[in-house]
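There are 2 protein chains.
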Amino acid sequence: MKRIGFIGLGIMGKPMARNLLKKGYALTVYDIRPDPVADLVAAGASSAASCADVAGQTDLVITMLPNTPEVKNAVLGNGGVLEGARPGLLLVDMSSIAPLASQDIAARCSEKDVVMLDAPVSGGEPKAIEGTLAIMVGGPEDAFEQARPVLSCMGSSVTRVGDIGSGNVAKLANQIIVALNIAAMSEAMVLAARSGVSPEKVYQAIRGGLAGSTVLDAKMPLVLKGNFKPGFRIELHIKDLRNALDTAHDLGVPLPLSSSVMEILQALRADGHQKEDHGGIIQFYEKLAHVQVRSGT
Amino acid sequence: MKRIGFIGLGIMGKPMARNLLKKGYALTVYDIRPDPVADLVAAGASSAASCADVAGQTDLVITMLPNTPEVKNAVLGNGGVLEGARPGLLLVDMSSIAPLASQDIAARCSEKDVVMLDAPVSGGEPKAIEGTLAIMVGGPEDAFEQARPVLSCMGSSVTRVGDIGSGNVAKLANQIIVALNIAAMSEAMVLAARSGVSPEKVYQAIRGGLAGSTVLDAKMPLVLKGNFKPGFRIELHIKDLRNALDTAHDLGVPLPLSSSVMEILQALRADGHQKEDHGGIIQFYEKLAHVQVRSGT
Numbered sequence: 156m157k158r159i160g161f162i163g164l165g166i167m168g169k170p171m172a173r174n175l176l177k178k179g180y181a182l183t184v185y186d187i188r189p190d191p192v193a194d195l196v197a198a199g200a201s202s203a204a205s206c207a208d209v210a211g212q213t214d215l216v217i218t219m220l221p222n223t224p225e226v227k228n229a230v231l232g233n234g235g236v237l238e239g240a241r242p243g244l245l246l247v248d249m250s251s252i253a254p255l256a257s258q259d260i261a262a263r264c265s266e267k268d269v270v271m272l273d274a275p276v277s278g279g280e281p282k283a284i285e286g287t288l289a290i291m292v293g294g295p296e297d298a299f300e301q302a303r304p305v306l307s308c309m310g311s312s313v314t315r316v317g318d319i320g321s322g323n324v325a326k327l328a329n330q331i332i333v334a335l336n337i338a339a340m341s342e343a344m345v346l347a348a349r350s351g352v353s354p355e356k357v358y359q360a361i362r363g364g365l366a367g368s369t370v371l372d373a374k375m376p377l378v379l380k381g382n383f384k385p386g387f388r389i390e391l392h393i394k395d396l397r398n399a400l401d402t403a404h405d406l407g408v409p410l411p412l413s414s415s416v417m418e419i420l421q422a423l424r425a426d427g428h429q430k431e432d433h434g435g436i437i438q439f440y441e442k443l444a445h446v447q448v449r450s451g452t
Numbered sequence: 156m157k158r159i160g161f162i163g164l165g166i167m168g169k170p171m172a173r174n175l176l177k178k179g180y181a182l183t184v185y186d187i188r189p190d191p192v193a194d195l196v197a198a199g200a201s202s203a204a205s206c207a208d209v210a211g212q213t214d215l216v217i218t219m220l221p222n223t224p225e226v227k228n229a230v231l232g233n234g235g236v237l238e239g240a241r242p243g244l245l246l247v248d249m250s251s252i253a254p255l256a257s258q259d260i261a262a263r264c265s266e267k268d269v270v271m272l273d274a275p276v277s278g279g280e281p282k283a284i285e286g287t288l289a290i291m292v293g294g295p296e297d298a299f300e301q302a303r304p305v306l307s308c309m310g311s312s313v314t315r316v317g318d319i320g321s322g323n324v325a326k327l328a329n330q331i332i333v334a335l336n337i338a339a340m341s342e343a344m345v346l347a348a349r350s351g352v353s354p355e356k357v358y359q360a361i362r363g364g365l366a367g368s369t370v371l372d373a374k375m376p377l378v379l380k381g382n383f384k385p386g387f388r389i390e391l392h393i394k395d396l397r398n399a400l401d402t403a404h405d406l407g408v409p410l411p412l413s414s415s416v417m418e419i420l421q422a423l424r425a426d427g428h429q430k431e432d433h434g435g436i437i438q439f440y441e442k443l444a445h446v447q448v449r450s451g452t
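Here the protein sequences line up with chains S and U, keeping their order.
So that you can map any letter, position 260 of the first sequence is 415 in the working numbering, and since no number is skipped, the others follow by simple counting.
So that you can map any letter, position 270 of the second sequence is 425 in the working numbering, and since no number is skipped, the others follow by simple counting.
Don't take every hint at face value.
Which copy is meant is left open, because identical chains are indistinguishable; a pair holds if it fits in one copy or across any two.
Taking lysine to aspartate or glutamate pairs in the DMTMM-like style, the calculated list, with each CA pair at most 20 Å apart, reads [what the hints assert, rightly or not]:
#: 1; residue 1: K356; residue 2: E296
#: 2; residue 1: K430; residue 2: E238
#: 3; residue 1: K177; residue 2: D401
#: 4; residue 1: K227; residue 2: E431
#: 5; residue 1: K356; residue 2: D318
To be clear, the hints were calculated from the coordinates, so they are not data collected in a lab.
Looking at chain S on its own, in the form it has when it is part of the complex (with noise of 0.2 Å):
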């Protein structure tokens, strides 16, 4: 793999960026602002006028943008990926959008001889700095084989979970299980905490049992500080989860319980909480309880 491309220098795109640079990639960089790509110019990398003239300069392109629409843009739109790619690019999208937008995307690049994989990522900004993502694939099997060595750059996990579309699959599935099983701990401790127990108790008592999950481990602690700085913001979670009823709802699937979990991050970010982690889930349930789940109540 000659020269690599990377559109999209936010929060995450940025280190994953850098972490490229760091093994030794030669990089072509975009975005629509111009600071982050200073910042990576300064650090080795070359910068493009558009996405298209990433493409043209490049053999294996990266796309970490926020969600579906900003994807289709910069792959397909005037200026995109598709008009500068030459055949047998390879275009990675690491954002998190809708599976079936990735299927539509990636047969849209077809058609131009580009093979596209849709590489989703978990862990947040400091996995995505020290390199350490979870990196979840769908696409052709030799096209994976092709992107892997770039990929292990980013992530300490990389799993191909099937076709086109599957790693954005395997990504909804992910962000379904974290923000029920957020609720789950917060319906939990609430119940505890108005019982007059003790949730740290309880939660010392329970974490070794079936009752054990990363979630649990990950945001207790911050909950009996108060602590609610992001982390994963609830305004993320929110489009995880519409991209997740969408495709449900598409493929005629019912899911009641995360369709009740979209409500109460909509019932959060009416309250403004939306720029919050995703463990701040439980002041929904201690406003409606009347009770606060901290260390000593």
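Here the structure of chain S is known, so what remains is to put chain U in place on it, guided by the hints.
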């Protein structure tokens, strides 16, 4: 502790009582069914004619019964523990019952100078046999210290959570989280299956991240085999969630997701699944979405 009484020799109580005998405790047992009593007598226990009779012969009485009414009857009813108890008797109720009922029963006990602990367990029959249950205890600290060596014969984790009723609050918190984590796994995996993506691959891709949980690792391998042998039966989880919802509603705590998962359990019972493992919650979703989450789908 000279002599221990054990009332309730069911699936859980019988192996728990056996573990006390193995550790050399003198044991007096009672059950309404003659067979398990005969088994324990053959293993070295004495039998008694009634709950009152057990209490009259012992210093510490353990009850391990299905639910609140059985415990109230065994302790407060005709021929119950309080009829035979000498002042200073320690009653350890290891049944999973409503926390407010534990508090009521303890108040009645204290009128007769009987001290009570609530000490429900988690781990099921295999851990009852091994003596490695998780035991969550509520009640006075000195009574807890007195009972701890006895409880340690039956459990590997013995945690005092707080005052009387706290053990059952922790148990309800545990059961809320377990039910919802199973439902979360189910929604995620049914979506994956209907998207044409292998649930097994999705499981492998996400288990190491924030979506990881003891439920996921304990139940997904069984779900992938279509194995819903209990384990922990749906009908028992219904009992626990009923206690959770009753307790929450007595306190004015809304539990919208626990209430939804209760309705899912009710639907499974209506369909004849009540004797199956609670991992079978996924069958509700499989039926709704017309898909099976099994290896190879």
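Which of the listed hints are broken here? 2, 3, 4
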